[in-house]
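**Student:** Residue numbers (my numbering): 37 to 461.
Think of the hints as simulated: they come from the structure by calculation, not from any bench.
This one's a predicted model, so the numbers in the text were calculated from it and none came from an experiment.
Treat the hints with care, since some could be wrong.
Unchecked claim - Think about it this way: if two alpha-carbon atoms lie no more than 27 Å apart in a straight line, the pair counts; the simulated BS3-like pairs of lysine-lysine are:
hint	residue 1	residue 2
1	Lys216	Lys286
2	Lys386	Lys399
3	Lys71	Lys335
4	Lys124	Lys41
5	Lys216	Lys303
6	Lys245	Lys220
7	Lys100	Lys166
8	Lys245	Lys166
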Amino acid sequence: MANLKWGGVDCLELAKKFGTPLYVYDTGIIKSRCKELRDTFINRWDNVRVRYASKAFLTRSMAKLIEHEGIGLDVVSLGELYTALSAKFPPERIEMNGNAKSHDEISLCVKSGVGRIIVDHPDELQIIEKYAQEFGRVQKILIRAAPGVDAHTHAYIATGQTGSKFGFPLDGDMLPDSIKYAMKSEYLNLTGLHFHVGSQLFEIDDYLKSLDIIIGLMKKLKDSLNFTTHELNLGGGFGAVINPAIPAMKSSFYTDSMMKLLHEKCKAYNLEIPRAVIEPGRWIISESGITLYTVENIKSLTGITFIAVNGGMADNPRYALSQAEYNAVRVKNFDEPVNYNNTQVSIVGKCCESGDILIENAKIQEVKPGDVIALYNTGAYTFSMSSSYNKLQRPAVVFVENGNAKLVVERQSLEDITRGDLLID
37 MANLKWGGVD CLELAKKFGT PLYVYDTGII KSRCKELRDT FINRWDNVRV RYASKAFLTR
97 SMAKLIEHEG IGLDVVSLGE LYTALSAKFP PERIEMNGNA KSHDEISLCV KSGVGRIIVD
157 HPDELQIIEK YAQEFGRVQK ILIRAAPGVD AHTHAYIATG QTGSKFGFPL DGDMLPDSIK
217 YAMKSEYLNL TGLHFHVGSQ LFEIDDYLKS LDIIIGLMKK LKDSLNFTTH ELNLGGGFGA
277 VINPAIPAMK SSFYTDSMMK LLHEKCKAYN LEIPRAVIEP GRWIISESGI TLYTVENIKS
337 LTGITFIAVN GGMADNPRYA LSQAEYNAVR VKNFDEPVNY NNTQVSIVGK CCESGDILIE
397 NAKIQEVKPG DVIALYNTGA YTFSMSSSYN KLQRPAVVFV ENGNAKLVVE RQSLEDITRG
457 DLLID
């Protein structure tokens, strides 16, 4: 029997040194995912690019790691952009996405020289143009199209369907009118199109259906407006497995099929094969991360046992939002067999919400108060979505690799919680 190790570091020692709840990332896994993308996409196909979807997890140390791995960033807010720039990330390797960009966001994008702004609304064109003129730049942009495909995923993380808040619909005049406007502007360089189907996709059919529709759009725009799509951003959404015992999805499962279709259809339509861009986020980061918790108490009722831990939906709201599934183990002697065989087990948090659940129907070794448990596959959308609900302190973040641990984000202090909270009479 042995304690769980992550990145070669004993998780009990991590809990003692840094406290719990604690986000722990094995940077070796992150690097291996980036290497896989280089081997099977960047080095296999001509004229392609990868942008890490930083909304899944972004700290300054993460930005620096991604830079070293030769990959760019996809950001969606002023805070994400500022974080990247404060880490000295090359702005030309940053792309700004999002459906409701503010003037401050667009202004900083243009001023700092981000590589692409992905336009989601016609009004953005005039705003980008305004700041490009002010700063004496020609800003490269893509226009996001909504292919109208309802992806097989949770409704809250599907983005390419008809009626989505994201992107330009393919019917009507909004898209062609915006392309004509951009083509005439001396401050805008419209290089191509962008689409995104959704997140946590484990099948290729929705990608290929969407890509086929977008290539048809490329043909239509070429014929009607003489617009050439030089770049096509295929989005991200590659599925990340929830169980560490199950092999991870290969990125080539998605990229090979999409690139083959792109080449075949463009040749059939006599179109220029555009530079292809992908934006994986969760697939890069999710399985590298675990969260450590301390068991506070155990409540056994008829037919159900609640294991209450010292965190919950404040540090991981994914179950409450979209019923995300996780697996857990007790850190001490983690390879012992599961003991809760005759009752349903739920691992729950300390927030004052009945929906503060981390895992329903958990399979875990028997635990007692004070034990440390680990939730697997929590690298994506936990730290980035964490809050101080119930005035809980946001956890620290630690990077581990080859037996070494480095603190990269400090635990939020009580003083941090009241920072900016003005006391008036």
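**Student:** So, for every hint listed, does it hold in this structure?
**Tutor:** Results of checking the hints against the structure:
Restraint check for Lys216 and Lys286: the C-alpha separation of about 39 Å exceeds 27 Å, so the hint is violated. Restraint check: the Cα-Cα separation between Lys386 and Lys399 comes to about 20 Å, which is no more than 27 Å; the hinted pair holds. Of the supplied pair hints, the one linking Lys71 and Lys335 is violated, its CA atoms being roughly 45 Å apart against a limit of 27 Å. At roughly 32 Å between alpha-carbon atoms, Lys124 and Lys41 are farther apart than 27 Å, so this suggested pair is violated.
For the hint pairing Lys216 with Lys303, the CA-to-CA distance comes to about 25 Å; that is within 27 Å, so the pair holds. A C-alpha spacing of about 31 Å is found between Lys245 and Lys220, which places the hinted pair above 27 Å, so the restraint is violated. For the given pair, Lys100 sits about 31 Å from Lys166 by alpha-carbon distance, which is inconsistent with the 27 Å threshold. Distance check on the hinted pair: Lys245 and Lys166 sit about 37 Å apart at the alpha-carbon level, beyond 27 Å; violated.
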